[in-house]
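From just these sequences and the hints, can you work out the full model?
At position 71 of the sequence shown the residue is numbered 71 (my numbering), and the sequence of numbers has no breaks.
Hint data in this document are derived by calculation from the structure and do not stem from the laboratory.
Some hints could be false.
[As the list claims (entries may be wrong)] Now the in silico label distances, taken between C-beta atoms and shown as ranges:
| id | residue 1 | residue 2 | range |
| --- | --- | --- | --- |
| 1 | LEU3 | THR46 | 33 to 43 Å |
| 2 | GLY77 | GLY25 | 41 to 51 Å |
| 3 | ALA48 | LEU74 | 32 to 42 Å |
| 4 | ALA48 | LEU9 | 39 to 49 Å |
| 5 | LEU64 | LEU3 | 38 to 48 Å |
| 6 | GLY58 | GLY25 | 35 to 45 Å |
| 7 | VAL20 | VAL47 | 41 to 51 Å |
| 8 | VAL57 | THR4 | 34 to 44 Å |
| 9 | ASP53 | ILE7 | 24 to 34 Å |
| 10 | LYS24 | LEU72 | 33 to 43 Å |
| 11 | ALA48 | HIS75 | 39 to 49 Å |
| 12 | VAL20 | ILE68 | 12 to 22 Å |
Each residue gets a CB set at the ideal place from its N, CA and C atoms; glycine is no exception.
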Amino acid sequence: MILTLQILLVITSLLLGLSVLLHKGKGGGLSSLFGGGMQTNLSGSTVAEKNLDRLTVGTGVVWLLCIIALNLALHYG
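Right under this line is the structure:
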């Protein structure tokens, strides 16, 4: 069980990092330093961005639950 949780933690960590990097910069941060602030947002959030948001939040929740479960398994198991 611990090995399964560790593998799931690595997979969700990689997915979470990738999904965060895929997000479009909202301006004002480091993305504007490299020219991201020059773009104008003419339309609202697209379907792809909303789906990416859902994927990021879902992956984050699974990642957090995996950390809690792994901590409990190592402490009480």
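Index of numbered hints that the structure contradicts, given in increasing order: Result: hints 4, 5, 6, 7, 8 break, sorted rising.
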